[in-house]
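J.: Residue numbers (this note's numbering), protein chains in the order written: chain A, 1 to 171; chain B, 1 to 140.
Calculated directly from the structure, the hints in this document are not laboratory data. All residues carry an ideal CB built from backbone N, CA and C; glycine is no exception. Don't take every hint at face value.
Claimed, not checked - Which stretches of chain A does chain B cover? Using the computed rule of at least three CB atoms under 8 Å from a CB of chain B, they are: (1) 33–40; (2) 70–79; (3) 104–117.
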Amino acid sequence: MAVEKFPVEASHILMFARSVGDENPIYSDEAHAAGSEVGKIIAPPTFAQASAQFDPDYILRPKPGQPWFGSGGQPTGLKPKSSGSGGGSGGSGIAAGLHAEQHFEYHRHISPGDVLTAEVKPGKTWEKEGRRSGKLIFNETITEYRDQNGELVITARGVGVRTERPVDAGK
Amino acid sequence: MALKRSEIKVGDTYSERLVEDLKRTQIVQYAGASGDYNPLHSDEVFTTQVAGYPSVFAHGMLTMGMTGKLLTNYVGDGRLTKYGVRFTSQVWPGDTLDSTVTVEAVREENGEQLVDLSLQTVNQEGRVVLSGTATARIDA
Chain A
1 MAVEKFPVEA SHILMFARSV GDENPIYSDE AHAAGSEVGK IIAPPTFAQA
51 SAQFDPDYIL RPKPGQPWFG SGGQPTGLKP KSSGSGGGSG GSGIAAGLHA
101 EQHFEYHRHI SPGDVLTAEV KPGKTWEKEG RRSGKLIFNE TITEYRDQNG
151 ELVITARGVG VRTERPVDAG K
Chain B
1 MALKRSEIKV GDTYSERLVE DLKRTQIVQY AGASGDYNPL HSDEVFTTQV
51 AGYPSVFAHG MLTMGMTGKL LTNYVGDGRL TKYGVRFTSQ VWPGDTLDST
101 VTVEAVREEN GEQLVDLSLQ TVNQEGRVVL SGTATARIDA
């Protein structure tokens, strides 16, 4: 999976910040941001994950005319496709699995007007025996986000996990 | 806004309540903003009848995003250099989450003053749902 063009836009940052309950004006108010240390609107720390919006093949987004494994009036009986690349360009990347870890390294903070690319590189794969869920298969991916000048701005490392049984402890 | 080296010490903590009685609608809001439309987070029929979970549950990244708010409230805007987490337990609709960051180290690297933090987010039962670390630039 790769994203060739991830335009960072102010309205998207606003919606993303709202969705995580963060009303910090640095994410929405140009005048406030101009008078702050950073000097302009920036994106919240986990915003790069929203690059999934710009991945044309992202498996966790329904697409017109294509089968979708979520329910309509009734369950469809379709199985989620496995992308085989945990971390993906967004989300855990494994429809049948869960997100186990996510790590970001910020080389600089991104702002509206940046146009990023995301290149996904496979990482390690390992297995573990889980007490609640049977065998656990972990799958790591590294995503490098570069700006319009080719500069590395964010390095993300995601780990997805697939389990033999649903993990239902805690409910 | 930013932290000053002279004002923090190892062992300092900062806590915030991230969310009270997490609403299903907020999970949908996060799906829409992030683009992660996995039905496990919004489709009760699929999640209970097909996937075998007791109900829809939050994206791990929603919990990481909410915890990020506490982090940036503590270290200031644009100051983070690293932020990483493990998702240790699921977050369900109705959960109330509290998060704490702890100062683990204050150090200098390449002429920059940095603080290393550990962080933990727990639900109303005290179960850890997210644990992680972060590093931020601070003022001398």
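J.: Hint by hint, which ones does this structure get wrong, listed from lowest number up?
T.: Violated hints: none at all, because every hint is consistent with the structure.
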